[in-house]
Amino acid sequence: MRNILAVAVGGLLGTGLRLVFDLAFPHADHEFPLETLLVNLVGAFALGWLAGGLWRRPSTPAWLKAGVGSGVLGSFTTLSAVMASLVVLEREGAHLTAALYLVVSVLAGLAAAAAGLWLGSRIGRRRMPDTITDSGETL
Amino acid sequence: MTALSPLVIATVLVAGSLGAVIRYLLSRRFPVRPGHLPGGILIVNVVGSAVAGVVIGLAERAAVSADWRLILVTGFCGGLTTFSTWSVETIELLDGGRWRAALLNVFVTLVLGFAAAGAGYLLAR
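Chains as they are written, first to last, in full-length UniProt numbering: chain W, 1 to 139; chain H, 1 to 125.
Isolated chain W (complex conformation) (with noise of 0.2 Å):
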């Protein structure tokens, strides 16, 4: 039940964010969807860096995994409105921008994601020291 609220609190969250960069980058039908390839991109860096790295320490607690993973970057991202973008620009005969857009969100956002994890897991693999010998000058 706690990870149910904490993804509906992260939804309220990365649903409010993506509203902003909607409302701050607008684009007319014909156009280049930037707001969303921008937001997908962040955020399928930002899940990447956490599921390499502060995920897979055990004493991360699952609602926090669960508010932050499917709540806030979850719902920032969005599947839907990349195909409804393209389904748009189809019908308005926009259809280099519509190849392009596709291709660019599908390779770049990979690539983000896979950037995301790779450094994620070398901040999660640095082990910090059990016990401070000296008066914690190596910190």
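Treat the hints with caution; some may be incorrect.
[Unchecked claim] Taking beta-carbon pairs under 7 Å as the criterion, some of the chain H residues facing chain W (in silico):
#, residue
1, Gly16
2, Ser17
3, Gly53
4, Ala66
5, Trp68
6, Val88
Simulated from the structure, these hints should not be mistaken for lab results. Every residue gets a Cβ at the ideal spot worked out from N, C-alpha and C, and that includes glycine.
Given the structure of chain W, go ahead and fit chain H onto it with the hints provided.
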């Protein structure tokens, strides 16, 4: 575009939150298993794309207002579907050497998602 009322913005956020909870419950019900596609995420992404297509089609012939389009497409469908989980799960499949499952996850999601959005739009407009 007219200024958005606080009520519409609040409804968009609640609709997005509801979509996120449905996605979470389905992803728990149909989790990622070895040898299977990430089922729950595929289902919500295809269903959300279909609903978005239908609402955009309805909005085009003024059967749905601009406010409701924002609530349903940006709010509910945006919250229900996800790009981040889809891309991270694809890379994790690749990372585990399961490149065929990764390619399948990309193509099945894109083909079904686009077909669902296109069919929904064409049927509703």
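Do the hints match the structure? See the list:
Using the Cβ-Cβ criterion of 7 Å, the hint placing Gly16(H) at the interface with chain W is satisfied: the shortest such distance is roughly 3 Å. Interface hint at Ser17(H): satisfied, since its Cβ lies 4 Å from the closest Cβ of chain W, which is below the 7 Å cut-off. The closest approach between the C-beta of Gly53(H) and any C-beta of chain W is roughly 6 Å, which is under the 7 Å cut-off, so the hint is satisfied. With 7 Å as the threshold, the beta carbon of Ala66(H) stays out of range of chain W, its nearest partner Cβ sitting at about 13 Å, so the hint is violated.
At a threshold of 7 Å, the smallest CB-CB gap from Trp68(H) to chain W is about 15 Å, leaving the interface hint violated. Interface restraint check for Val88(H): the shortest CB-CB distance to chain W comes to about 5 Å, inside 7 Å, so the restraint holds.
The structure is inconsistent with the numbered hints 4 and 5, although it conforms to all the rest.
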